[in-house]
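Student: Now for the letters of each chain:
2 protein chains.
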Amino acid sequence: MSESPDFFTRHRELLERAVRATTERASWSAYPEMPNDPAYGEDGMATGSEAFQALVGKPFDLGQPGEPVAAGEVSPYGLELGISYPYLAPDEAVAIAKTAGRAWRRASADTRAGVAAEILARLNAASFEIAQAVQHTTGQAFAMAFQAGGPHAQDRGLEAVAYAWAEQKHHPASAIWSKPQRKGDPITMEKTFTPVGRGVALVIACVTFPTWNSYPGLFASLVTGNPVLVKPHPKAILPLAVTVRIAREVLAEAGFDPNVVLLVPEKPGSPNAGDLARHPDVRIIDYTGSTSFGDWLEANARQAVVYAEKAGLNTVVLDSTDNYKGLLSNLAFSLSLYSGQMCTTPQNLLIARTGMTTDQGVKTPEQFAQDLSAALDGLLGDPKRAAGILGAITSTAVTDRLEQAAATGSVVHPSSAVENPQHPEAVVRTPLVVALAASGEEVYTREWFGPISFVIETESTKESLEVLRRTVGEHGALTAMVHSTDPDVLEAARDAALDVGVHLSENLTSPAVFVNQTTAFSDFHGSPASPAATAALSDPAYVTGRFTTLQSRRHVAAV
Amino acid sequence: MSESPDFFTRHRELLERAVRATTERASWSAYPEMPNDPAYGEDGMATGSEAFQALVGKPFDLGQPGEPVAAGEVSPYGLELGISYPYLAPDEAVAIAKTAGRAWRRASADTRAGVAAEILARLNAASFEIAQAVQHTTGQAFAMAFQAGGPHAQDRGLEAVAYAWAEQKHHPASAIWSKPQRKGDPITMEKTFTPVGRGVALVIACVTFPTWNSYPGLFASLVTGNPVLVKPHPKAILPLAVTVRIAREVLAEAGFDPNVVLLVPEKPGSPNAGDLARHPDVRIIDYTGSTSFGDWLEANARQAVVYAEKAGLNTVVLDSTDNYKGLLSNLAFSLSLYSGQMCTTPQNLLIARTGMTTDQGVKTPEQFAQDLSAALDGLLGDPKRAAGILGAITSTAVTDRLEQAAATGSVVHPSSAVENPQHPEAVVRTPLVVALAASGEEVYTREWFGPISFVIETESTKESLEVLRRTVGEHGALTAMVHSTDPDVLEAARDAALDVGVHLSENLTSPAVFVNQTTAFSDFHGSPASPAATAALSDPAYVTGRFTTLQSRRHVAAV
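Each protein sequence line maps, in turn, to chains A and B.
In this text, residue positions in the first sequence follow the working numbering: the first is 1, and each later residue adds one.
In this text, residue positions in the second sequence follow the working numbering: the first is 1, and each later residue adds one.
Just to be clear, a hint being listed does not mean it is correct.
[What the hints assert, rightly or not] With a straight-line cut-off of 27 Å between C-alpha atoms, the simulated DSSO-like cross-links for lysine-lysine are:
1) B/K58 with B/K267
2) A/K267 with A/K98
3) B/K169 with A/K169
4) B/K325 with B/K267
5) B/K267 with A/K183
6) A/K98 with B/K98
7) A/K325 with A/K384
8) A/K58 with A/K267
9) B/K179 with A/K325
10) A/K325 with B/K183
11) B/K325 with A/K183
12) B/K98 with B/K267
13) A/K384 with B/K183
14) A/K325 with A/K462
15) B/K325 with A/K179
16) A/K169 with A/K179
17) B/K169 with B/K179
18) B/K179 with A/K462
19) B/K98 with B/K169
20) A/K98 with A/K169
21) B/K462 with B/K325
To be clear, the hints were calculated from the coordinates, so they are not data collected in a lab.
All chains, full assembly: derive it from the sequences and hints.
Tutor: The following block contains the structure:
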């Protein structure tokens, strides 16, 4: 390996800076988020489009074992991707990864972190290609596909690398232990401490954020010494195929078996996640998706540690505000972004029957609902702008759910179709907002994934907080927000959020920070304290279960 | 709370020193291990004996809720303890702990670490009392009961405190996040980060090391903000009753509800561990004991994170040595200490048919077995000395097992009864050593808890290492040792140990370090990489799952 490039030295400074950022949780990012950043060059868009177009309609060349199988991915914007990917039976895939993992385990944490940082650097350079792949699988508008699928996902990946690298270096590689004896020299021992990965890791990705939600697990497992199987959602394989291709290139250049990272798509119509997850040699699973399959994994993949992000009831408590206009536009954007197809989109908006005090007078639930509706119409009035915010609907399950939800209460803002001028085949829908009474718990204690929210009338802010405690406590949530100018209400909301294990946003009224967005190296995403997840992105708990430190000891002459 | 003593300030230096020790894993201990250390005063033994005697034959005053129930503890040295302890039904106990835990959660990590350090300081001052309680429940000889039950257990407790305290401070209490905007001031937010405990913790202790094996879980859960239920083994309640009494005193002095720590013994004949463990509000379980109940906990207490130490096949590979005499006496002591009633006692001694090369010539398996037998006889020839090393047998299960084991192969060293001159009622037995062929896997792949070991003849050291890989890989182990002067064999043994997830001791021949003993702040005990455990004492993974860091964020004026 002496002739392999020294990726650790190349990225050491970045890694150290990233580790510092994990201890500060202030403002830091490694990868520019704007597509027009000079770092991406002037022809980034053109080169990325070419690279993407070159992939369409062909077998994807990963250089990995497996028989090519047509995947049938269709862009929500109309394009049939027509790509085939190598298929591996679960047993085969696990065996190949396990073999490749042996030398990877023996590499040092430094070496592994260096390889990971180089993969991320090349993913960053491929951000335009990945953005196209994300757009044409998830239905995100391009700007979002670039940011969330590119630099933001890469930042979350680097965050996981930083925690994983630092935690493996918590203990020294070796230590001298010495104990004075009553007679003669002290007894002296040399002790060696080796971080050892848990075993084959499996990442089960989702359709809406194939890279953002899978990079943390992929990189955390990789850096802690585990080979990784990347199982994409059958409708969003391409972004992860590009990712795996780049990871394999870097691994090979660094002198490792590239099979340390394998893509394991399913054959169309034949789900393989369950068989992969229950394989005795699969010891780590990262999963994003439905609560039902997440619960199944936890109950059945007992040989593995499971880091799951499932569904929840994202809740907003509306008590009072000194910036009603800002509140409305901030919330309207949060409900609209990517048609609410985010695990973080607010669903339950709780407001007291007596209304909320604002800088524009008291607003009753009815008035608030009307004003929110108007804010949505204002935001989404121009079709081109609307398409840029809403993206496209990923599946008929979402449109079916929209119809079903409209029948649950009194419709405040109907979901209407918007034509995307550039992509007429895209299904674009504005958010549905429905008014419910607090007693409609049977409706609003289910997650309605998609552009669906409820304005729920309670007796008082106190009851709103009780509803938050009860429903989020039982069903979990990825996000919670409170709007209040009353310090006591804010304090009570913080207390409730700590009790039910959800991160809290307070009084978001700017056009720059939204409850459904978190920023790597500062905001945590998800929490094992909530039924909605078993992990947070990212913290030490997210990485320490992926490896263990083993010791050997021997006598040495006194030093 | 302003008038409560500031335990954090009192112990801050110790805590910082302990944290440094966890990052060095060299030689450090907080509590003197010798009973004659001046720190314990001149009348430690007398005061401790008085304190112990004052407890015998009475209801134990814990000042906690519960109806007194006679426990029926009988010392393996003959004394009937005749003590009753407060009994709480599982639902009651969990509810009381949960209520008490609210204010404890709100305390800072510093405050909690200070309280824990004060509890440990008072436990240390009570080491003689605890030593008597340990001796008269576990059957350990006094010297061992003092060290392992007192200062060594306290060191393991402080080690867990140090990891728990430091990990909660990985992230800052708050941070300022700022993002430049194209126009105007940057967007600035204040973010608050709060470590929050997972919920009610349960510690299920064992009969042989009631304090040593339960302090790490007790203190790790406590310092990370969780109330703790301490469930003692029905035959070894007293050492933990003294522990809980001291913890409650300190909690009350610090201004907390003492019910943050509760003793939850079972009613004689009515096990309560299963009901406690499955209670939905019990979110953390620490357990030491049989593999079968450990597996049951993992399968059934699904709402909790389980840190379990179960049974394994502790293995020694005998290849070669340059100190045969040292090897024999070291091993004889390891087999004899506390009659092998340790989860770390070597069971399977693997030696090639062709023998091991030593400084005294080649020793065949037969010769080695004879020499080990002679070493045991030499070590245990004097009844008083023997009693001091062997302690007493805790239960008839062990003596029954001795009989059963003697029938499995050719007896090399029979287990014989020894009279304890001071305590004629104590059941004292020397180690049984049985010779087996490598094919006798059905016998030696079970754990034979107690003074039972097998000399197993293999084809070669290579086969010995394969047997280690196969049996320890499948059934786990807490300890492994290799004796070899050949660097290649040592390297192969290290590799095998890393593969099967066991800590390795090499060539222990001194009269001061034994494979069955680990020292806090330097040696790890157990590993989640082995089926024998799901945790190591102690490392960051041992504490990070006990809490999570929750965030709230709000806009502030630019700073």
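Student: With reference to the structure, classify each hint as holding or not holding.
Tutor: Status of each hint after checking the structure:
Only pairs whose Cα atoms come within 27 Å are accepted, and B/K58 paired with B/K267 is accepted, the gap being roughly 17 Å. Pair hint A/K267 plus A/K98 holds up; C-alpha atoms about 22 Å apart against a cutoff of 27 Å. Distance restraint check for B/K169 and A/K169: the Cα-Cα separation of roughly 17 Å lies within the 27 Å cut-off, and the hinted pair is therefore satisfied. Between B/K325 and B/K267, the direct Cα distance comes to roughly 50 Å. Violation of the 27 Å bound is thereby established for this hinted pair.
Between B/K267 and A/K183 the CA atoms are separated by roughly 50 Å; this puts the pair beyond 27 Å, and the hint is violated. Between A/K98 and B/K98 the alpha-carbon distance is near 44 Å, which puts this suggested pair outside the 27 Å criterion. With a C-alpha separation of about 23 Å, the suggested pairing of A/K325 with A/K384 holds against the 27 Å cut-off. About 17 Å separates the Cα atoms of A/K58 and A/K267, which keeps this hinted pair within 27 Å; it holds.
Between the alpha carbons of B/K179 and A/K325 the distance comes to roughly 22 Å, so the proposed pair stays at or under 27 Å and holds. The hinted pair formed by A/K325 and B/K183 meets the criterion: a straight-line CA distance of about 19 Å does not exceed 27 Å. Restraint check for B/K325 and A/K183: satisfied, since their Cα atoms lie roughly 19 Å apart, inside the 27 Å limit. The straight-line distance between the Cα atoms of B/K98 and B/K267 is roughly 22 Å, inside the 27 Å bound, and the hint therefore holds.
Only pairs whose Cα atoms come within 27 Å are accepted, and A/K384 paired with B/K183 is accepted, the gap being roughly 24 Å. The suggested pairing of A/K325 with A/K462 holds, with an alpha-carbon distance near 24 Å, which does not exceed 27 Å. Under the criterion of a C-alpha separation no larger than 27 Å, the hint pairing B/K325 with A/K179 is consistent with the structure, at around 22 Å. This hinted pair checks out: A/K169 and A/K179 have alpha carbons roughly 25 Å apart, not beyond 27 Å.
Distance restraint check for B/K169 and B/K179: the Cα-Cα separation of roughly 25 Å lies within the 27 Å cut-off, and the hinted pair is therefore satisfied. Under the criterion of a C-alpha separation no larger than 27 Å, the hint pairing B/K179 with A/K462 is inconsistent with the structure, at around 34 Å. The straight-line distance between the Cα atoms of B/K98 and B/K169 is roughly 24 Å, inside the 27 Å bound, and the hint therefore holds. Of the supplied pair hints, the one linking A/K98 and A/K169 holds, its CA atoms being roughly 24 Å apart against a limit of 27 Å.
Taken as a hint, the B/K462 and B/K325 pair is honoured in the structure, with Cα atoms around 24 Å apart against an allowance of 27 Å.
The structure fails to meet hints 4, 5, 6 and 18 from the earlier list, while all remaining hints are met.
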